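If you follow the hints, you should be able to join the two separate chains into one complex; please do so.
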Amino acid sequence: MPSAPVIAAVGCTKIASEHRDCNIRDLLADALLDLLADAGLDGLDAVEHGLASYESDHFNMQMTLGAILHDTIGMTPKPGVRIEGGGATGALALRTAWAHIQSGLCDSILVYGVEKNGRGLSSRTANQLFALSADVDWETAIGGTYTGFYAAMMRAHMAQYGTREEHFAHVAARNRRNAAFNPIAQKPMNISIEDVLRSRPVAEPYKLLDCSLLSDGAACILLASEAWAREHVPAFESRPPVFFTGTGCGTDTMRLGDRYPHITNFRAKQTAAQAAYAMAGIGDPLREIDVAELYDSYSGVEIQAVEDLGWVQRGEGGTAVAGGTFDLDGALPVNTSGGLLGRGAPVGATGILQAIEVAQQLWGLVDERRQVADAVRGLTDTHAGIASISVVNIFERRD
Amino acid sequence: MSDKVSSLIDITERDWSADDFWENFRQIERITLELSQRYHYSLGKQSRFFIELANRRFFATACAGCGQVYAPPRPLCPACLQPSEWRELTGEGSLETWSTLHFSPGTNADVAALQRPYVLAYVLLDGADTLFPHLLRAEGLCLRRGLRVRVAYNDGPVSHPIHLMCFVPA
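Going line by line, the protein sequences match chains A and B.
No gaps in the numbering here: position 127 of the first sequence is 127 in this note's numbering, and each next residue is one more.
No gaps in the numbering here: position 134 of the second sequence is 1134 in this note's numbering, and each next residue is one more.
One chain only, chain B, in its complex shape (with noise of 0.2 Å):
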């Protein structure tokens, strides 16, 4: 954490009214700081996914209890408070919602690089049953909902592993 003394605020300019409540309060100063973390950060029970990535395999997560299919896994099926099984799926699905991002949050390196706009997709992967967000890469194609699409694989280097995939056209 750093400080650095960055600006007197002027507002002596304002039209203040004869009796100011704060009258003894009208210089203000702004300073900048600055805050950044490093985290040492457990995917914990998802981790698997994240693993075979590398592997160029997608796995979700299948609950015996209830045959509910999750991709993103879910450790714990919320429905029955069950420990899941991992399920491969053929990385195959269709498109079902989109949209076209022009700004980027920057979130990580990753998400820095990326080239927009980009298009945040919702894909139902086939034998899943809820859809899975990722970025799909379908530069000057016409999207439509049912489009077909897999997963595209890369061997990295990655600053988050959920880099190791992203959408394609089928």
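This is chain A alone, in the form it adopts within the complex (with noise of 0.2 Å):
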């Protein structure tokens, strides 16, 4: 297998409830400006091939939006296709994008997510048609909610391990205090665990501060093989090359229920990781690894993360987050950008934005109030529905 893929160049903007100025089209633009401007590019010349990565066609109104977008940004007439995996949309398609490229189909790809799924349809409107990526025969027709089965999972939890609300409080806290020191984060918050505790109930345990955001971004990544970027794009040089050098993809049953006896935790991410780790070259991931964005579409989903990710025995995710393993200081800083709760999460763009973050990291670009010292290995993991669909990615500076 050729060596892994690099990232040749990223932009993003800034995240935010609503980009009122901005249609989706917009949005792209902005995040590619941004590339350009990084990767010290004035064009997409010699740019081969382009990934169209969003989760909705309804909040937009518009079907076929990936050949759209792929033309706003002048793409055309090279090839392009569009992936889709709810939640893990942006990180499957950085995923089939590393295929692209060690497959030899190109050397460089333009992978650019995006979203709107803030303010532009009503937060009722929002919630159904969230509703109708669980199994709509089932789930959403009795009104169940995503809220709601991450809520019965994190219960199971607490009642198989004794996990408590004050867990899941740390990292919903934590997150938000991250986003303070990130300047595209969406709603940074200097909160307490008990600010998180006395908001009001969405689906219990869960309330309204254990829930991530709806958001309004767009992002991208140029990955390519090294000569390819060294041949091309005039900012690699710059800075210690960062390979792409992990992938791994699990899923698992749709509902909740035909998962039983397994429902504390996400059997779809355990083997995407084991199989991340296997082709990184990582055995001990919690030494191993410096710095991760984890998948906290709700704030105890990091504690069960933590365990599916093999960092810690399961049911002990509760008190090591608690205990600070994974704030900023701690062994293993997770969620430096903010993560879902903090930066925000459109969803098309949220497994690209945490490859940034982590991009960022490995270069040391990022905000020294939450740059992680001499970060070497960075990981992503990123979900769909209750992880029906999970993927890690794992990324490695190589000075």
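Calculated directly from the structure, the hints in this document are not laboratory data.
These figures come from a predicted structure and were not determined experimentally.
Keep in mind that a hint or two might mislead.
[Claimed, not checked] If we take Cβ atoms under 8 Å as the criterion, some of the chain A residues that face chain B in the derived model are: (1) R124; (2) N127; (3) I142; (4) A151; (5) A180; (6) E231; (7) R255; (8) G257; (9) D258.
For glycine and all other residues, C-beta sits at the position ideal for the given N, C-alpha and C.
Written as structure tokens, this is what we have:
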């Protein structure tokens, strides 16, 4: 297999509850301009392939959006493809781009993710649309919501392992505090665990501040072979190369109930992580990974993730999280960007934003208040639904 | 689909930099669009489950190959890729996990009419190997894992036949 692709350049918009002056094409344009500035490029002439990453046709009342986005940024007549995998869309897009490079199909591919999930629709309509991404015959029809499915999982985790509301409130408070050091973050908040516990219930045991955000935003990554990046991207030589060394994907049944008795954790994430570690040559992830962006769609999900990624024993995630292991000054800082809770979650861009945070951490380019010193390996964890699809991607700086 | 002009967004008060890349595009208009669809939606090979609810009977499927009993039913056993058989259950079972929902997506008329908060419950029905998700009407009751519950039927009318049933304490 050829050597791993590199992250040649990155770009994104600020993440916001609403970019009122942008439609979805404008958002992509702004992210692309940011990428060109990052790359030191004035155009995309040399880039061989495009890959559109967005989740919802409904939010924009526009199908075939991938073709429109490709057209918007002047990628025609080059090849393009659209990838969709629910919440995992952005990470699945990067994984697909990895395969495009590794297969030799192309040496460079622009992955562009975008979503307008913010206030273009009422939150009621947005929730109705998101509910359509559950099993409509059995889960959506009864009035189920994703917050409810996640909450039922967390209740099972609490019953099985003694995980407490204070444990996941720690995640909600920490990630929003981390967001204060990220200029693109949607909703930094200086809040305490008590603030989270006192916020109004949404789907018990989850409360308002345990829930992530609806966002507008876009993000792009130019993925390429190392040789292509050296030849075509002026900025590439100015920073240590970051390689995309591992990618894993796992799946699970759509409905939580069909996973019985495995309802406390994400099997798909365990599968994805093991595959990614094997590919990246990682044997002891807690020691070998230096920084990570975890899919904190709800605060407790981060607790389940640190278990499923094999960093702590099953059932010990709550105490490890509350003990500070994953804080900025902990053994393995996670969600330094603020995560979905603080930075925001424009779905098709989310997995790409996670990879950008990791790349910039490995390059040493983020705000010093959230910079992890001398980070060499970083991981992104992204999933769809209640991890019906899970993707783990691993990046490594090689000086 | 209909549309009407809704608003012009005033972005002139923003602190624009002198070299604003988009200086020729500062006027923004936002319109309101509506889109509604009516689906003639087939419940497919799951249909008997819903049809029998009106007869106050609860059916799962069982795989002749591996013996797994699925509730909700699966016409095709995903493990064996063989056609399943219908199997009637008593409709009694025990509560495994749940969430109390304070916000409703108003997915259909039945859901929109629910009094909030309502309980989304996962029930292990006697004789089944999977958890069945549905509403649990247990006002005032302290819920706990293992609580015995049963299917309660109603005669409708409902907008979606899944609402011909819910769970209640046994």
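Taking the hints in turn, this is what the structure says about them:
1. R124: Holds: closest Cβ of chain B sits about 6 Å from R124/A, inside 8 Å.
2. N127: Cβ of N127/A sits 4 Å from chain B, so the hint holds.
3. I142: holds, 5 Å
4. A151: Where the cut-off is 8 Å and the nearest Cβ of chain B is about 4 Å from A151/A, the hint holds.
5. A180: violated, 21 Å
6. E231: violated, 28 Å
7. R255: holds, 7 Å
8. G257: holds, 3 Å
9. D258: Holds, about 5 Å.
Hint check: violations occur at hints 5 and 6; the rest are consistent with the structure.
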